[in-house]
Amino acid sequence: MAEPHAHAAAHDDHDHKPHGWRRWVFATNHKDIGTMYLVLSCTMFFIGGIAAECIRLELFRPGLQFFDPQFFNSLTTMHGLIMIFGAIMPAFVGLANWMVPMQVGAPDMALPRLNNFSFWILPFAFTLLIGSFFVPGGAPAGGWTMYPPLILQTGAAFPMLIFSVHLMGMSSILGAINVIVTIMNMRAPGMTLLRMPLFVWSWLITAYLLIAVMPVLAGAVTMLLTDHFFGTTFFTAAGGGDPVMFQHIFWFFGHPEVYIMILPAFGIISEIIPTFSRKPLFGYEAMVYAVASIAFLSFIVWAHHMFTVGMPLAAQLFFMLSTMLIAIPTGVKVFNWTATMWKGSLSFEPPMLFALAFLFLFSIGGFSGLMLAMVPADYQYQDTYFVFAHFHYVLVTGALFSIIAAVYYWLPKWTGHMYDMKLGTWHFWLSAIFVNVLFFPQHFLGLAGMPRRIPDYAVQFTDWNMVSSIGAFGFGLSQLLFPYLIIKCIRAGRAAGNRAWEGAHGLEWELPSPPPFHSWTTPPSDAVIARGAAH
Amino acid sequence: MDVAPLSIEIRPNCSLTVRGARLLFASACVMPFGMGGFLALKGFWPILPFAGLEMLLLAWALKVSLERRFHSQTITVTESNVSVESRQRLGTERVVFPRHWAQVKLRRPAASLHPSRLTIESHGRQCELGSFLTEEERRGLARRLARAIGRVNESPSWP
Chain A
1 MAEPHAHAAA HDDHDHKPHG WRRWVFATNH KDIGTMYLVL SCTMFFIGGI
51 AAECIRLELF RPGLQFFDPQ FFNSLTTMHG LIMIFGAIMP AFVGLANWMV
101 PMQVGAPDMA LPRLNNFSFW ILPFAFTLLI GSFFVPGGAP AGGWTMYPPL
151 ILQTGAAFPM LIFSVHLMGM SSILGAINVI VTIMNMRAPG MTLLRMPLFV
201 WSWLITAYLL IAVMPVLAGA VTMLLTDHFF GTTFFTAAGG GDPVMFQHIF
251 WFFGHPEVYI MILPAFGIIS EIIPTFSRKP LFGYEAMVYA VASIAFLSFI
301 VWAHHMFTVG MPLAAQLFFM LSTMLIAIPT GVKVFNWTAT MWKGSLSFEP
351 PMLFALAFLF LFSIGGFSGL MLAMVPADYQ YQDTYFVFAH FHYVLVTGAL
401 FSIIAAVYYW LPKWTGHMYD MKLGTWHFWL SAIFVNVLFF PQHFLGLAGM
451 PRRIPDYAVQ FTDWNMVSSI GAFGFGLSQL LFPYLIIKCI RAGRAAGNRA
501 WEGAHGLEWE LPSPPPFHSW TTPPSDAVIA RGAAH
Chain B
1 MDVAPLSIEI RPNCSLTVRG ARLLFASACV MPFGMGGFLA LKGFWPILPF
51 AGLEMLLLAW ALKVSLERRF HSQTITVTES NVSVESRQRL GTERVVFPRH
101 WAQVKLRRPA ASLHPSRLTI ESHGRQCELG SFLTEEERRG LARRLARAIG
151 RVNESPSWP
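Residue numbers (the numbering used here), protein chains in the order written: chain A, 1 to 535; chain B, 1 to 159.
For reference, chain B alone in the conformation it holds in the complex (with noise of 0.2 Å):
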């Protein structure tokens, strides 16, 4: 008997779109700059690079928390194998384990303050997903995989 594949799409929450980005950092340095510049002209140029030093932070703290809005990861699980798609801005990566050998794997930080790990493993191959999920969230994730992949003990179905 065929079983659908089950496909699970997990991308990170964010609210702000790239062009809102820049327009709230757009925003952020007219004050700034703008009343740097007019006391730079006037010889007080101590102000302006503060300004720049700043607003290279403001850029800095945006740029990060908006990568997070191309990760994502599409977990694929058929009769027999387990796919994942991992896409970043910079490009798409695919892993495929047999899903018989799959093992999902959620590890323990080995520091208490950084977060769990969770990974699908086989044959020496590992992947690891939902770095960008909430403990929670991660923690659910490792339950639905190992319940979806079963175990490593288990017997894949009767074709």
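In isolation and in its complexed conformation, chain A is listed as follows (with noise of 0.2 Å):
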């Protein structure tokens, strides 16, 4: 507006916030949607969660004890598809819905009713997909890669895995949308590019992966869907398809999405590591370059996921570079968090705990993706325990524990109030430890040649298996504190202030604690961004 406008007290006492169900079922406001999307994916890392420690229960000794074979690779595959498209990426979204509109000072996300869509398609999809347990046949157990021709001996479930992972794809393409939509358009004046905070860049890079990639992804799993059900022979070698294009076109979706399941990550740990360093993040606009490039590479090293699958000399050799290659920008981003601590003032709340856990132990994974890499040693660890250790090091203590981060950073923001520090303390221990009983073993196991996805292993894998599970249980039981911390923290924790954290920089910390139901009424001033804005 050309003129600002006084805000007096008068008519200002109806915000037309609706109550009750309507609230949630119509929400278009974008912190209801970032809510509901984080209550979802919690809900769906429990489930995953419960299947996850089904799986370490089978594997505590050799032989089968509690599931056939079939139900077995059943667990192992839905646990796969619902921890990556029921947990990890609508929480990132959560992330996203509510921290984009307030961090880039606008009101709201660009396309609300659309917002809205895109979470609800969400409780549908998984209802297809978890309800695939209970049809003629099972749920799904070909892996959560979807790989024909073994994918395609699915029973019933089969029709609902492709309608379910078409869902999470459409509403994957929306969210993505929005989100670009809303930070290209609906930036406050004199929030430029280049001030925006890093959450922010990492989600618009994320987002145009997503785009990038998602039609990929529906294109494969409908020529699945018709070699199974309309006689088409894309992948199917007996008609003239190729079986390995599947892999081809896969996983050309598939590590960018490793990279969505990442970036965001990114962008959390560093707004959070200046704030407990107390000092501006090292190298902003490397680190916006190094998540560009990251991004870009992710494009073109696919068939590192298929070293085995047999390819000329020259494509091992470009893969393999390629993918070293994005240890660089990787590098640059280590290197700038670890500088930006240099020197700091720190404190060890529980984001920050986190966010170092992530720090060393995303690295952990990163190295052991170095290794993966090389497409000698690759011939021996495919298909092993040490791609399973390796890429849980990523999605575990690198995804997830950001996402940990991030809700225990923007907690207090979120409710207005301050949670159980001690608790939070104690739930980072008990994750930290136990993660590593958990899945560091599994590197000996697959160096020592244990396969992935079986449900009986031979008796010398048996201790480091037994370890695992125990790290497994201790994991899950854990993680019970999570909610409960949250729970306790909107009933009963102490009021936080407007900044939570005294080196917290960033737009959403202007505004008060809770946030009004719409965020920027009236955008910020250039002042108050430039404070936000201080890299």
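Simulated from the structure, these hints should not be mistaken for lab results. What you are looking at is a predicted structure, and each value in this text was computed from that prediction instead of being measured. Misleading hints may appear alongside valid ones.
[Said to hold, decoys possible] Stretches of chain B that chain A covers, calculated by requiring three or more beta carbons in the stretch to come under 8 Å of a beta carbon on chain A: (1) 60-74; (2) 82-95; (3) 118-129.
[To be verified] Chain B is nowhere near these chain A residues, computed Cβ spacing over 12 Å in every case: (4) Asp108; (5) Pro123; (6) His166; (7) Ile177; (8) Ile180; (9) Ile211; (10) Ala238; (11) Phe252; (12) Val288; (13) Phe299; (14) Ser368; (15) Leu430; (16) Ala458; (17) Gly503; (18) Pro516.
Note that CB positions come from ideal geometry on N, CA and C, so glycine has one too.
Assemble the dimeric complex from its two separately framed chains, guided by the hints.
Printed below as a string of structure tokens:
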């Protein structure tokens, strides 16, 4: 507006905030939708977690104890699908919904009704997916990667799987479009691109990745569907199709998907470490370019997931070297986070603890990724527990820890209450110890040759499997502290100030805690933006 | 005593230019259409229609959001008149109300999920103001206009 208006109290008492179930079903407010995404994500995390605990229970001892191999494979498949599409991705979308408008100085997302729609697709998608456990033939058991021809042998659950993947993809696309339009068109005056917080930057690039690769997934699963029901032979060798081509197409989606699950984590860590180091982020612009470089490289490394299918030497070399290139921008990020802490006035509240754990443990996942990038070594590691350990270090101690760190970081802002720091610290130490007990021995198992996705194993692997299962039980139980702590915080935490953390910068900390129903009803001033953008 | 006319110009906040939107859209098209096209040539055509649908959706979203850029309203309050000039992409519309009959009304929405509506009304005619503003901004504008225009039962100032 050309001229600012006075905001007197008259007529201000009604904020048109809907109440009851209508508030949630018809929600167009970015915070309500963000909350729903986070609740859904938490629910799916525990459902996927139960599947994981069942897997580790079966693997506690050699031999078949509890489940038949088909059901075991259903558990691994559903665990993967639920955790990736149900827990990690919706959590990041929830965080984007909550934080992006507040951080760019916008009142809401650009397309609020689309935002509502993109959320409400998901409960239907997961009802379909989880419902597949109860149809003849059981849930899909061909792995989350859905490789044909194995996946084509799925029973009545097959169309449910395909349709649920389509719905999840549709939700992701709608969410990504909304994030892009919000960031590009709803930024407050003065919020230039290079003043945006790293979380916003990382989400902008993530949204770009999402819209780049989601049609590939949609097309791939549609071709599976037509191969199954309509007699096409895209991936059926008997009809002239090529099952290996599915792997190429899937991983052209799948590798950027890995970065879709980690780039927002980089953004979160880039918010938290400066706050608790009480220093500006070291090398802000380098961090932006590093995220963009990682995103670009993610398009040209897909075949490192499938070195063993057989490909020309030149292709193997290309994919090996391009994969190793990713270590450079990732190294820039790790170096800059470390440099941010250098000579900082560090304090170790739960968000910082989880961020530090991310830094150490994600790096372990990165290093094992470099080992896997080497073609000759990968021939040995392929489909062993080494791969399993690698991607769990990336996705659990990377993506999941960053989400927990983000919740601990912004929870005082969302609720207006501080949480129980002692309990949060306990949550951290239990998680950090048990996650390593859970996943680190799997490196040894993999190097010794234990294959993935097998419900039984040779007795020589027993000891480390027992250790790993104990870690899984401890890690699973310690996660129960998390929802308890959040509920306790909402109900009875002491009041949090607007700037809940002493070293916090960014526009969101200029708003009251909790923020009003509509975030920035008048755009923040340039001085406020400059204060927030003190990179 | 002549009073200088009050002029208020309102427009939504848009950080994206049309050129920027075109560049963004073009860059977003590269990968889905590039990969979709390449795979279609190899016989795996079903990716391309999904890419097309997705890009249509992105184009629609950008268009809807960019429409805001072309909206603006200028409200001019003089001694005798209140005029509202509304500009959109396709043209400009000007409505003039006699000041001493004009009423500023801020209506609560019929459904709580909808935005309120701010209008200037007189003699059975009405003109909506600030539909693109946020709730808070609209209420602020309503208060300001109510003060500037006065009430229907107030006499116009002495000539």
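Are all C-beta atoms of chain B more than 12 Å from that of Pro123(A)? The claim stands: Pro123(A) keeps its Cβ more than 12 Å from every Cβ of chain B (closest is about 20 Å).
Run the C-beta distances from Asp108(A) to all of chain B and say if the shortest one exceeds 12 Å. violated, 8 Å
Chain B versus His166(A) - minimum CB to CB distance exceeding 12 Å, so not interface: violated, 9 Å
Nearest-CB test (12 Å) between chain B and Leu430(A): holds, 42 Å
Just double-check Ile180(A) for me: nearest Cβ-Cβ distance to chain B has to come out over 12 Å. Incorrect as stated: the minimum Cβ-Cβ distance to chain B is 7 Å, not above 12 Å.
With d taken as the least Cβ-Cβ distance between Ile211(A) and chain B, does d exceed 12 Å? violated, 6 Å
Closest CB of chain B to the CB of Pro516(A) still more than 12 Å away: For Pro516(A), whose nearest Cβ neighbour in chain B is about 9 Å away, the distance does not exceed 12 Å, so it is violated.
Is Phe299(A) truly not at the interface, in the sense that its beta carbon sits beyond 12 Å from all beta carbons of chain B? Its Cβ does come within 12 Å of chain B, the nearest being 7 Å, so this is violated.
Assertion that Ala238(A) lies outside the chain B interface [Cβ separation over 12 Å]: holds, 16 Å
If we take the beta carbon of Ser368(A), is the closest beta carbon in chain B still more than 12 Å away? Given a closest Cβ separation of 28 Å, the condition holds.
Between the stretch 118-129 of chain B and chain A, are there enough contacts, at least three residues with CB-CB distance under 8 Å, for the coverage claim to hold? Three-residue rule not met by the stretch 118-129 of chain B, so violated; n is 0.
Say whether it holds or is violated: Val288(A) keeps its Cβ farther than 12 Å from all Cβ of chain B. About 16 Å separates Val288(A) from the closest Cβ of chain B, which puts it past 12 Å; holds.
Violated hints, listed in ascending order, are 2, 3, 4, 6, 7, 8, 9, 11, 13, 18; each of the other numbered hints is respected by the structure.
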